[in-house]
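Asker: Chain by chain, the residues:
Protein chains: 2
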Amino acid sequence: MKKCRCGRSGCVCILVMKREYGMEKNLKREKEHTTEYVLQKAVCFRAGEFSKEEKYIVPEEKYDLYLNGEMIHTFFCSPWYLEDLAYGFLYLEGYILKSEQIKEICVKQQEHRIEVVADKECDMHRQDVEETRKKAEERKISPKEIMSLAAALDERSHRFRLTGGVHSAALAKDGEILLMREDVGRHNAVEKLLGACVREQIDTADKTIVFSGRVAAEILEKAAAIGAPTLIAVSAPTSRAVELAEEKGILLVGFARGESFNVYTFPERVTIRATA
Amino acid sequence: MKKCRCGRSGCVCILVMKREYGMEKNLKREKEHTTEYVLQKAVCFRAGEFSKEEKYIVPEEKYDLYLNGEMIHTFFCSPWYLEDLAYGFLYLEGYILKSEQIKEICVKQQEHRIEVVADKECDMHRQDVEETRKKAEERKISPKEIMSLAAALDERSHRFRLTGGVHSAALAKDGEILLMREDVGRHNAVEKLLGACVREQIDTADKTIVFSGRVAAEILEKAAAIGAPTLIAVSAPTSRAVELAEEKGILLVGFARGESFNVYTFPERVTIRATA
Numbered sequence: 105m106k107k108c109r110c111g112r113s114g115c116v117c118i119l120v121m122k123r124e125y126g127m128e129k130n131l132k133r134e135k136e137h138t139t140e141y142v143l144q145k146a147v148c149f150r151a152g153e154f155s156k157e158e159k160y161i162v163p164e165e166k167y168d169l170y171l172n173g174e175m176i177h178t179f180f181c182s183p184w185y186l187e188d189l190a191y192g193f194l195y196l197e198g199y200i201l202k203s204e205q206i207k208e209i210c211v212k213q214q215e216h217r218i219e220v221v222a223d224k225e226c227d228m229h230r231q232d233v234e235e236t237r238k239k240a241e242e243r244k245i246s247p248k249e250i251m252s253l254a255a256a257l258d259e260r261s262h263r264f265r266l267t268g269g270v271h272s273a274a275l276a277k278d279g280e281i282l283l284m285r286e287d288v289g290r291h292n293a294v295e296k297l298l299g300a301c302v303r304e305q306i307d308t309a310d311k312t313i314v315f316s317g318r319v320a321a322e323i324l325e326k327a328a329a330i331g332a333p334t335l336i337a338v339s340a341p342t343s344r345a346v347e348l349a350e351e352k353g354i355l356l357v358g359f360a361r362g363e364s365f366n367v368y369t370f371p372e373r374v375t376i377r378a379t380a
Numbered sequence: 105m106k107k108c109r110c111g112r113s114g115c116v117c118i119l120v121m122k123r124e125y126g127m128e129k130n131l132k133r134e135k136e137h138t139t140e141y142v143l144q145k146a147v148c149f150r151a152g153e154f155s156k157e158e159k160y161i162v163p164e165e166k167y168d169l170y171l172n173g174e175m176i177h178t179f180f181c182s183p184w185y186l187e188d189l190a191y192g193f194l195y196l197e198g199y200i201l202k203s204e205q206i207k208e209i210c211v212k213q214q215e216h217r218i219e220v221v222a223d224k225e226c227d228m229h230r231q232d233v234e235e236t237r238k239k240a241e242e243r244k245i246s247p248k249e250i251m252s253l254a255a256a257l258d259e260r261s262h263r264f265r266l267t268g269g270v271h272s273a274a275l276a277k278d279g280e281i282l283l284m285r286e287d288v289g290r291h292n293a294v295e296k297l298l299g300a301c302v303r304e305q306i307d308t309a310d311k312t313i314v315f316s317g318r319v320a321a322e323i324l325e326k327a328a329a330i331g332a333p334t335l336i337a338v339s340a341p342t343s344r345a346v347e348l349a350e351e352k353g354i355l356l357v358g359f360a361r362g363e364s365f366n367v368y369t370f371p372e373r374v375t376i377r378a379t380a
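Going down the list, the sequences are from chains A and B.
When the letters of the first sequence are read in order and numbered with the working numbering, they come out as residues 105 to 380.
When the letters of the second sequence are read in order and numbered with the working numbering, they come out as residues 105 to 380.
Isolated chain A, as found in the complex (with noise of 0.2 Å):
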């Protein structure tokens, strides 16, 4: 276990501890004082009157993301699993290749910056995802699968349900959700998702992705890069990323919503009796 060397106040140290306890368990955490929810004075109006109340929304804020020292990106982001999005930025943007280049993570909220040290020299490869997902390509979904996996991410979405300004992005099996993670930003609510998928080196070419949201090529791009095969979300998709779909072997669900979805790429791979 590495100590975070910062040692200052307000910083939530997250020290990386690789493969020692299972998925989800090897990341040892100090307390996390994160804004789940801003209390907003409104003004509402309803029925004709108005009145004074206290609205639940959703926090953004701005985060600066260093990587040895240099200053690479911004996020506008919701201040949740924070150490999920640099590593799923880290990912996309080819800095890493893989959670092992990762040294220390620490999110200092106070200042409102990510600090990564990483091994950028590291000598191994890209795990060639495409690939994964080609190996996957014979395994079927039911319509039941499709249903229950939606309405399993609405029921789990609280925050949505407070703000109306959350979306999710979950990773899934037979049925049950295993990750999620939600976001002010869709892009940034796939982004985490990516880099908990990376940071946990989890096997996705059996796993279902679950989105709030709809479905542009950079959406795509994204789910993609995660590995799953199967990409079902409760919005539209735009014709780019259809394309994209296609192209990189993705079963691409839109409107799933309550009894009814669109398959637009691969029906093959949806099993015809409805009941099974």
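Don't read these hints as lab results, they were simulated from the structure.
It is possible that some hints are incorrect.
Since the list gives no way to pick one copy over another, a pair counts as held whenever it fits inside one copy or between any two copies.
Unchecked claim - Heads up, simulated DSSO-like pairs for lysine-lysine below, C-alpha to C-alpha not over 27 Å straight-line:
id: 1; residue 1: 166; residue 2: 207
id: 2; residue 1: 212; residue 2: 224
id: 3; residue 1: 352; residue 2: 156
As the structure is a prediction and not an experimental result, all values here were calculated from the model.
Once you have looked at the hints, place chain B on chain A.
Answerer: Below, chain B alone, put in the same frame as chain A:
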């Protein structure tokens, strides 16, 4: 009037001719072959049954922006009003301060390029939108106007109804929508509206922005750059957007749906009589 110099097939030339024919008429346009919708084959699951259908989905395309021959940005956007997107981006990023600096703009659809020739050495000063806005702070808006603008945005959102994948940003005055811009990306929609305001040199001090999406900090920043003192959103704001609206003197309304809305900043600028 200037002629576009490219002379290629597939080029949609937009010839800039300033302030001669008034708002929305000062650009002569050749026929635009923009893609309104993409018809996508999908397998739809409803009431326990599969059916093959064609669904309208929103076009998303990659366009590179060239300024005086140099590639400076890539948009993932819907191919409508790309000239406004360019104006909005160039203004926000500080490349131009006034529309007069743009001498020529050419959207090459086959090559997916937007080419701009602009005079960057212009000695004009940025119009102080905050000053303009301050003068307008005494202006009141009635609950009736807020509700009718939200309804008008919804009514005009044909593309959203067909595809479920579009965001809309509109400029309004006295309960009427004057201009509306749409895009698969909510940031692009606001940037297109900003671009239209810059291009047309619209006095925005007495106008209102109406927006379909969530208001994060970056959306608020762009809305502030438009210069209108009021922003009505159908969806939620974030904590940082509320702070910025407070700083910039913008009356921020959220969750404007049906007969209700929430006022997050400057409620004294909403008239108290519900029927006013």
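Asker: Please sort residue 352 with residue 156 into within, between, both or neither, judging by C-alpha distance up to 27 Å.
Answerer: between (51 Å within a copy, 22 Å between copies)
Asker: First find the shortest C-alpha distance between residue 212 and residue 224 inside one copy, then the shortest across copies, and answer within, between, both or neither for a cut-off of 27 Å.
Answerer: within (22 Å within a copy, 40 Å between copies)
Asker: Can you give me the call for residue 166 and residue 207, within, between, both or neither, at a CA distance of at most 27 Å?
Answerer: within (24 Å within a copy, 36 Å between copies)
In summary, this structure violates none of the numbered hints.
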